[in-house]
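Novice: What follows is the residue order along each chain.
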Amino acid sequence: MGRFLARRLVLTIPVLLGVATLVFSLIHLIPGDPAQAMLGEAAPQSDVEELRRRLGLDKPLVEQYGVFLQGLVKGDLGTSLRTGEPVTDQIVERMPATFELAAAAMFVAIAFSMPLGILAAVRRGTAVDHAAMTVSLAGVSVPNFWLGPLLAIVFAVELGWLPVSGRGTWAHLVLPAISLGAALAAILARMTRATLLEELREQYVQAARARGVSRMRAILRHAFRNSLIPVVTLLGLQFGAVLTGAVITETIFAWPGIGRLLIQSIGFRDYPLVQGCILLIALTYVGVNLLTDVIYGVLDPRIRYE
Amino acid sequence: MTRVGAAIVLLAVLAAIIGPVIVPFDPADQELALRLEGPTGQHWFGLDELGRDIFARVLSGARISLLVGLVVVGVSSLVGTLLGSIAGYFGGLVDECLSRVMDILLAFPGLLLAIAMVAVLGPSLTNVILALSLIGWVGYARLVRGQVLRTRELEFVQAARALGAGTPRILARHVIPTALPAVTVQATLGMGGAILAEASLSFLGLGVQPPTPSWGTMLSYGKAHLLEAPHLTIFPGLAIAILVLGFNFLGDGLRDALDPQTQSRLKT
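Those sequence lines, one after another, are chains A and B.
Mapping of the first sequence onto my numbering: residues 1 to 306, in sequence order.
Mapping of the second sequence onto my numbering: residues 1 to 268, in sequence order.
Since the hints were made in silico from the structure, they are not lab data.
Even glycine gets a Cβ: it sits at the ideal position worked out from N, Cα and C.
Some hints could be false.
Unchecked claim - From the structure, some residues in chain B lie toward chain A, with a derived Cβ separation under 7 Å:
hint, residue
1, Leu82
2, Ser99
3, Phe108
4, Leu196
5, Phe203
6, Leu204
7, Leu227
8, Ala229
9, Ala241
10, Asn248
Stated by the list, open to error - Take a look, some chain B residues computed to stay more than 10 Å from chain A by CB distance:
hint, residue
11, Ala16
12, Leu93
13, Glu153
14, Ala162
15, Gly192
All chains should be built: construct the whole structure from the sequences, respecting the hints.
Specialist: Spelled out as C-alpha cells, the structure:
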C-alpha cells in the first residue's frame, strides 16, 4: 500500500507543476499590456508602470515564474488589485462556503440517485426503469443556471418556503444544493443502475439466494455494497464538475463562496485574485482525484498491483 | 429514445435555418411600450426587457448554439483524433509528452479553464469557441489513444505494415477508422456539452455579448426580472434543456448501436 501511495504521489507532482505553470501563464495571455488591461485604457502611464512593477511584470519571464512558484510553496498568491488584501486570505475566507455547498450538493445527489438507480436495476426493462433513466438523462441536460431560478420561482417566490439567496441557515442551503446536485444525481443514478445490474448477475448473489437469503437482502446487503466501488470513484471524479457548477450556482444564489469571488474578480479585472481562485479550485480537484485513487486502491486491492 | 433525440435535433436545425426567416419579428426589433409582456397569441414566448420578441430570439439563439456546438466538436474531434492516434501509434516519448499535456489539461475541472481563458482573452463568441476547443480535444485524444493502442498490435495492421504501407496510410486507412464509432458517439454527446458550456459562459457574462441573441445571455438578463417576468427565464432555458436532451438521447442511442460492450453493460 505504501508503494502504491508513493507512486500516486510522485505521478501527481508533474501535474501540479503543469497546473501552476498554466495558471502562471494566464496573465501573459492577456492581449497587449496586462497592467494596462487591468487598469483600463484611460489609466495614466505612471500608474501602469507602478502596477507592472508591483506584479513583477518588469522582470524577465523566468524570474517571474520562479517568484510565482516560490510564493506558491509559501502559500503567497500575491495581493488583490482591488482591495489590496492578500489573495490567500480572501480565498481562505470563502472556502468554507464553497465546501459546504459542494458537500450538500453531493449529499443531495447521493440521496436521490441511489434509490433511483436501485429501483431501475431491480425493475429492469419495465416502465419504472425507462422512466427513471429518462428522468436521469433529463437531469443531465437541464442547465443548473435554469433549474436554480426555476426552483427559486416555485419554492421561494410562489410558496415562500425557502430564502431566495444568501447564506446563513440550513434553509439557505436547500435550493443551491438541489440545483447543483441535480446533474450529479442523474449521472450517479445511471452508474448505480449499470453496476448493480452487473453485480446481480454474479454467482455470489445467486449463491446467497440459494442459501435462502431474501431477494431484497441479496440486493441491498450483497450486490449493492459491491456495486458501490465504481460509484464512489465516479463520485470523486465528478467532484470537479460540482466545483465548476458551484461557480454558476453561487452566482445565481449570491452564495459567498470562491466561485462567486472568481466571477466578481473577473468583472473587476483583478487578475491575481482570478489566478488564485482558478489555482485553488484546480488544486482541490487534483487532491480529490488523488484521494479517490487511494480510496479505490484501499477498496479494491487489485488496483494497487496494476 | 434515439428517434426522439434525432427528431429534436432535426427540428432544432430546421428552426435555426428557416425559423428566423419565417417569424414575422426581427430578434433585434424593440417595442419598448410592451417590454416584459407575457406570452400572447402574437408573441408566443412574450417580450423581453427591451420589448424584443423572445420566440424570434430563441430561434436566432439556436443558430449560435448549433454553430458553437458544430465548430467546437468539429475542431476538438479532429485535433483529438489526430493527436490521440499519433500518441497511441508511436508510443514512447511522443506518447509521454502528449499524455502529460492531457493530464495537465484534465487537472482543471470542466469549464474552469474555459472561464479562465475567456476571462483573460475577453468575452466574445470567437474566444468561447477557441477556449472550448482548446479543452475539448483532450477527451477525444484520450479515447482514440486507447483504441489505437489496442488496434496497432492487431494482425491486419501488422499485415499492412509488412506489405510496405507507410505510417500515414496505416493510420488513415486502418487504425483511425476503428476509433471512429467511439468518436462519433463522443461527438454527439459533445454537441450537448458544448451547447451547455457556451450557454454557461454566456450566462456568466463571459460568452456571446449583447445584442446577439444567445440562450445563456437571455437567461442572464432574465434573472433580473425573475419575479415580474419569469417567461424571460423559462423559454430560453427550456430551449437549452430540450436541445441538449436531444443530443444526449441521440448519443446514448448511437452508443448502444455502435458499441456493443457498453450496450451489454448498461442494458445487461
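Novice: Check the structure against each numbered hint from earlier and tell me which ones fail, lowest number first.
Specialist: 1, 2, 8, 15
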